[in-house]
Amino acid sequence: MANRNDTARWSRTRTLAFVCLAIWAVFGFGIHAFAGGLNAVSVFGFPLGYYMAAQGSLIAFVILAFWFGGRQDAIDHEHGVAEDDF
Amino acid sequence: MAFHAHGTSDPAGTPTRILLIGIAGFVAFVVLLAVLEQVGVPHRVIGFLFVFFTLAVYAGIGILSRTTQADVYFVAGRRVPALFNGMATAANWLSAAPFLGLAGTLYVLGYDGLAFVIGWSGGFVLLGVLIVPYLRRFGAYTVPDFLAARFGGHAARFLGVVVLLSCSLAFLAAQLTATGLVASRFLGIGFETAVFIGLAGILLCAVLGGMRAVTWTQVAQYVVLITAYLTPVVILSVQRYGVPVPQLLYGQALQEIAGLEKQFAASGETLTPYLQPFTSYSPLEFFGLILCLTVGTASLPHLLMRYLTTPGVRETRRSVGWSLVFVVLLLFTAPAYAAFAKLEVYQAVIGTAVDSLPDWIYAYGNLGLVKICGADATAVEAIKAACASSGTTDGLLRLGDVSIDRDVIVIATPEIAGLPYVIAGLVAAGALAATLSSADGLLLAISGALSHDLYYKMARPRASASQRLFAARILLILVAIGAAWLAATKPADILSMTAWSFSLAAAGNFPALVLGIWWKRCTSAGAVAGIVAGFGLTLFYVLMTRYGDMEPWFGVPNISAALFGLPAGFVVTVAVSLMTRRPSRAVQRLLDAVRKPGAPLTEGGDPRRTAG
Chain A
73 MANRNDTARW
83 SRTRTLAFVC
93 LAIWAVFGFG
103 IHAFAGGLNA
113 VSVFGFPLGY
123 YMAAQGSLIA
133 FVILAFWFGG
143 RQDAIDHEHG
153 VAEDDF
Chain B
4 MAFHAHGTSD
14 PAGTPTRILL
24 IGIAGFVAFV
34 VLLAVLEQVG
44 VPHRVIGFLF
54 VFFTLAVYAG
64 IGILSRTTQA
74 DVYFVAGRRV
84 PALFNGMATA
94 ANWLSAAPFL
104 GLAGTLYVLG
114 YDGLAFVIGW
124 SGGFVLLGVL
134 IVPYLRRFGA
144 YTVPDFLAAR
154 FGGHAARFLG
164 VVVLLSCSLA
174 FLAAQLTATG
184 LVASRFLGIG
194 FETAVFIGLA
204 GILLCAVLGG
214 MRAVTWTQVA
224 QYVVLITAYL
234 TPVVILSVQR
244 YGVPVPQLLY
254 GQALQEIAGL
264 EKQFAASGET
274 LTPYLQPFTS
284 YSPLEFFGLI
294 LCLTVGTASL
304 PHLLMRYLTT
314 PGVRETRRSV
324 GWSLVFVVLL
334 LFTAPAYAAF
344 AKLEVYQAVI
354 GTAVDSLPDW
364 IYAYGNLGLV
374 KICGADATAV
384 EAIKAACASS
394 GTTDGLLRLG
404 DVSIDRDVIV
414 IATPEIAGLP
424 YVIAGLVAAG
434 ALAATLSSAD
444 GLLLAISGAL
454 SHDLYYKMAR
464 PRASASQRLF
474 AARILLILVA
484 IGAAWLAATK
494 PADILSMTAW
504 SFSLAAAGNF
514 PALVLGIWWK
524 RCTSAGAVAG
534 IVAGFGLTLF
544 YVLMTRYGDM
554 EPWFGVPNIS
564 AALFGLPAGF
574 VVTVAVSLMT
584 RRPSRAVQRL
594 LDAVRKPGAP
604 LTEGGDPRRT
614 AG
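Line by line, the protein sequences are chains A and B. First residue of the first sequence: 73, per our numbering; consecutive thereafter. First residue of the second sequence: 4, per our numbering; consecutive thereafter.
Derived from the structure by calculation, the hints contain no laboratory data. Heads up, the beta-carbon is just placed ideally off N, CA and C, and yes, glycines get one too. Be aware that a few hints might be false.
Short, incomplete list of chain B residues facing chain A, as computed with Cβ under 10 Å [claimed, not checked]: (1) PRO280; (2) ASP595; (3) ARG598.
Label-pair restraints from in silico Cβ distances [stated by the list, open to error]: (4) GLY271(B) - THR87(A): 52 to 62 Å; (5) THR583(B) - VAL113(A): 44 to 54 Å; (6) GLY109(A) - LYS523(B): 36 to 46 Å; (7) ALA602(B) - ARG143(A): 16 to 26 Å; (8) THR87(A) - LEU35(B): 26 to 36 Å; (9) GLN266(B) - VAL115(A): 19 to 29 Å; (10) TRP139(A) - ALA27(B): 29 to 39 Å; (11) GLY109(A) - ALA602(B): 46 to 56 Å; (12) GLY109(A) - GLN266(B): 52 to 62 Å; (13) LYS265(B) - GLU150(A): 40 to 50 Å; (14) LEU23(B) - HIS151(A): 51 to 61 Å; (15) LYS265(B) - TRP82(A): 37 to 47 Å.
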């Protein structure tokens, strides 16, 4: 059954999930709506709008995936529910 | 090869060392074939050696790690480390569509094609945050296992099986189409024959070995496919710019493309600028496609299944990160392929006289994959006649005269760039690795759904483990033949078939899984109604726009079919849930447990004696 510790952990887990979804939405959708304008800027020889769609967002997703794993693990540890190695 | 196959049969040993030996062996093999080509061994022989050597390695791994234990067959005994599961998952997910279709699509669509890159990579974030850690903790063998436990009874499980079968079938048909394409180009076998031969190879591994065999085969296949994908474009990058990092240098190619396009436009050609957003797709189509592909990636049963093989919930989360790294390596490179191919065509084909076209035009024209002035480029005379009648009077090709099938850009690139044949053979082997690795995973998911869910859980609950595996293998062969038949009718190009599969999975699985895990109030009736509405609407849209002459709604192409089904699934699930009685105490307790890390709660949906 859920106790106070579990409830607190779940609410932090849920917040973390919302933060991750928000970051995902920015790099998956938001930023590309401005691709036309960003293309005026050039990075490493790429137009920025194209670069964000072809590489920038992907780098953000990789970092986000590992960061999420680390944060969730830390939350589980602090609430004493992280699985021991088995 | 001996080392490779022997080592992977015992994955508990030192997988990293075995992997390194395997990579070294593969590189040595490619070098050997390059030497053979130099001493004059015919191309056809080199093509055959590539294909049969790699197939022999996969089959060897499959045979050495064959099993009759249910947990090994379905979830590889849950002992696959995060890094290796990441690699196997990347191979499982990287199918013919990203390998063959993506670069060609980017070649044709320019910026708008990047919707595929963004959607596919973003899907892994969604899957890692919202779904797989919880499925892993539950201890499912299949996705329908979880649906059945959460939503009680046969209805949810049966619908889960229907969704799994339909999206896997479309996905599998795309893989078989690709196998046919590659084999007919490199081995000179007819398309339909090649489809069935490819099928036999895939069946051998998946049927015998189950998940453990498929896992280690997929690791080997990832090595082959990523080597094959990177090699030609790295060589191209060195040829053009002297630096072997195409991912950074194709920015210069993009600038040259933009420059040439200005010249073409100045000379009166009509063209859509390569770098400009929203020229082929409207913003609605672009973002709709991203959404469908993202959510589809997070819902594909054969992909979710891979994350059930890790030793624990934490490893599952880490393995999502690793699989994204390995997938992104290819997604990063695809736009470089497209840019180099585009530049090559702009420089070497456009403005060239009809009778001095490069040889590769005819090699692929004879397969019906390159058209010049609207006619298959089979011979110089045929093209000349077509161009004369279409008004190209000066004999110089214009932009609109050249049309290349988007599925051949990757396999044609080595020839377009004039690289030795061994590189083309390598790319063919890589394309086969990409299709086989996905097909293995798909067949395993299908056989799991048929034997575990339909046969064991619903039809004959008292069937023994060996009876279940026997049923799995028989049913698998039937499904596979169905997929081969579907592929032989060529319903669409590879990327479209794959995109249908993503949409079907998204609308059918995503609302039920996400609401089932994250919303305690979600009821069985809600989930069942949601799956019927969302999946039904998506399937209807795909079938009616493809086979029924229905006009697309709001101009949304059927590759984004889930754009209607997904919201419908969510709305119906929530609405019906709120109208029905809240789930029982038992279900609420199950959810509380699923939300905490720990040992699997069940073993393939059966209660575990040691559940904690």
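Verification of the hints:
1. At a threshold of 10 Å, the smallest CB-CB gap from PRO280(B) to chain A is about 4 Å, leaving the interface hint in force.
2. Against a cut-off of 10 Å between C-beta atoms, the interface hint on ASP595(B) holds, since the closest Cβ of chain A lies about 5 Å away.
3. With a least beta-carbon distance of about 6 Å to chain A, the hint placing ARG598(B) at the interface is held under the 10 Å criterion.
4. With their beta carbons about 58 Å apart, GLY271(B) and THR87(A) fall inside the hinted range of 52 to 62 Å.
5. The beta-carbon spacing between THR583(B) and VAL113(A), approximately 53 Å, falls within the hinted interval of 44 to 54 Å.
6. A hinted range of 36 to 46 Å holds for the C-beta pair GLY109(A) and LYS523(B), which are about 44 Å apart.
7. Checked against the hint of 16 to 26 Å, the pair ALA602(B) and ARG143(A) passes, with Cβ atoms roughly 23 Å apart.
8. Range check, THR87(A) to LEU35(B): Cβ separation about 56 Å, and the 26 to 36 Å hint is violated.
9. Separation of GLN266(B) from VAL115(A) is about 25 Å and conforms to the stated range, judged on CB atoms against 19 to 29 Å.
10. At about 34 Å, the beta-carbon gap between TRP139(A) and ALA27(B) stays in the expected band of 29 to 39 Å.
11. A hinted range of 46 to 56 Å for the beta carbons of GLY109(A) and ALA602(B) is consistent with their spacing of about 52 Å.
12. Distance hint check: the CB atoms of GLY109(A) and GLN266(B) are about 25 Å apart, inconsistent with the given range 52 to 62 Å.
13. Remark: the range hint 40 to 50 Å for LYS265(B) to GLU150(A) is contradicted by a beta-carbon distance near 58 Å.
14. Distance hint check for LEU23(B) and HIS151(A): the Cβ-Cβ separation is about 39 Å, which falls outside the suggested range of 51 to 61 Å.
15. Taken as a hint, the range 37 to 47 Å is violated for the pair LYS265(B) and TRP82(A), whose Cβ atoms sit roughly 57 Å apart.
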